[in-house]
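Quick mapping for you: the protein sequence lines, in order, are chains C and A. Per our numbering, residue 1 is the first one in the first sequence, and the count goes up by one each step. Per our numbering, residue 1 is the first one in the second sequence, and the count goes up by one each step.
There's no promise every hint is true.
One copy or any two copies: either way a pair holds, since identical chains are not told apart in the list.
[Stated by the list, open to error] Straight-line distance between alpha carbons at most 30 Å, and here's what the computed DSBU-like set of lysine-lysine pairs gives:
# : residue 1 : residue 2
1 : LYS19     : LYS215
2 : LYS199    : LYS122
3 : LYS215    : LYS53
4 : LYS4      : LYS225
5 : LYS45     : LYS89
6 : LYS215    : LYS73
Quick caveat, the hints were computed from the structure, so don't treat them as lab data.
Protein chains: 2
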Amino acid sequence: MIKKITIIGSGNVATILSKVIINKGFSINQVFSKSKINAEILIKKLATNQQIKATDNIAEIDNTSDIYIICVKDDAIATVVNQFLFKDKLIVHTSGSVDITVFNGFNQFGVFYPLQTFSKDKDADVANVPFCIEGNSKQTTQLLIDLATSFSNKVYEINSEQRKVLHLAAVFACNFTNYMYAVAAKITTKNNINFDILKPLIIETAKKIEYQLPKEAQTGPAKRKDFNTIQKHLQMLEDNDELKEIYQLISSRIERES
Amino acid sequence: MIKKITIIGSGNVATILSKVIINKGFSINQVFSKSKINAEILIKKLATNQQIKATDNIAEIDNTSDIYIICVKDDAIATVVNQFLFKDKLIVHTSGSVDITVFNGFNQFGVFYPLQTFSKDKDADVANVPFCIEGNSKQTTQLLIDLATSFSNKVYEINSEQRKVLHLAAVFACNFTNYMYAVAAKITTKNNINFDILKPLIIETAKKIEYQLPKEAQTGPAKRKDFNTIQKHLQMLEDNDELKEIYQLISSRIERES
């Protein structure tokens, strides 16, 4: 059973996971960050009596923890893994896009991917965060599922191929969606209109997916093939070729699929 | 003061408005729909003791109401307005994209635009729906603001030019966002992954706008210029040129603006 945990990283995921680890009665042994100050800041945020060591030296990471959770940026994971000394310890990363094979040469390893967008300084509702779990063996997978289940109600066993697909889908569902919000904010602000007017619409559009398939929830000029309105909108975007291109491309897709 | 209302239309907006009109103690005189059955269905849904007449004949609309609210599709508004007999009565439409000049020749007119996405059979939280109001005179505007204020806490005076801009911004914030959800659902379903896993992410992404500007909330491979992941994603979309095009276009915009 997992009791003692080492956190590698000090960003959003490291912070959110560390908080829930402490809240759920597990103990954190060490926090590694390439910036020791950031590791110390993270530990301070936890406001716990536990004696947690901060380090910026991978060689200082000790072998007394039950699991080592890597929460660094995707492109830094391989470097951390290569420098990590204890090939027999249970080690996982938290990335949506990095393959489990990054741990080749280890004995117990896996992926512990919280599929959510986190802000460092805002408490996350971790109980509703989907955790996507993959282990190198049945036993490892079960250990990781047990750990995730003590954090969240939404635990899924997801292999590396599926996780890559999920990550791609999440780019559309989260990153590109947020870009649409940014475009809307830009258009309103440029015209001295308060972006707040659009916020209830944005929230309701997201909530609709709880009870309706997105394809069925589609509305708007392109959906109803209202070419008159589409033309007017394209004229309004005349001074911004790139937004115009996005408007045209997505509208044509919606039209065709309707 | 407005007490007695005629509803022209029987779709989502007509249904939502009729419900709040009854709930707030106003009376509905008639409901017009080009399909009389649909007008009758709407009236039945209201489950009220009020005697409300259903009609599918514009000539049967009487002149005893204080306001006539047109809730038909954008491209049918001009036709309804042209056939409407009482040029001295207060008349409004509820569209985001139709100019107030559609009422040329009338004495009291305006726009009463609820900026929200509605589902006919789901009760809307009308108190939080932004109403965008425009009147042909100060007096008309005030009458419409008073009516909207009895429905909602979010009432804005918005002229026709601003409303067109808002409507364009809403296409990005709502319609195109929903299309991103549909793409995500398509990608997951095609790969036998439960789309539910993405729902908490979608909700949280929307909620972020309550406390952060969308531009500042932007995350993802394009934002952090992670070209390795972007390349992998484009390879995964190899069999779908149009999704690939959307992925490339939006990613390049996010990269450049980051």
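Hint-by-hint comparison with the structure:
no.	hint	result
1	LYS19 - LYS215	between (37 Å within a copy, 27 Å between copies)
2	LYS199 - LYS122	both (19 Å within a copy, 19 Å between copies)
3	LYS215 - LYS53	neither (50 Å within a copy, 36 Å between copies)
4	LYS4 - LYS225	neither (59 Å within a copy, 35 Å between copies)
5	LYS45 - LYS89	within (27 Å within a copy, 63 Å between copies)
6	LYS215 - LYS73	between (33 Å within a copy, 21 Å between copies)
Figure legend: structure checked against the earlier numbered hints; hints not met, in rising order: 3 and 4.
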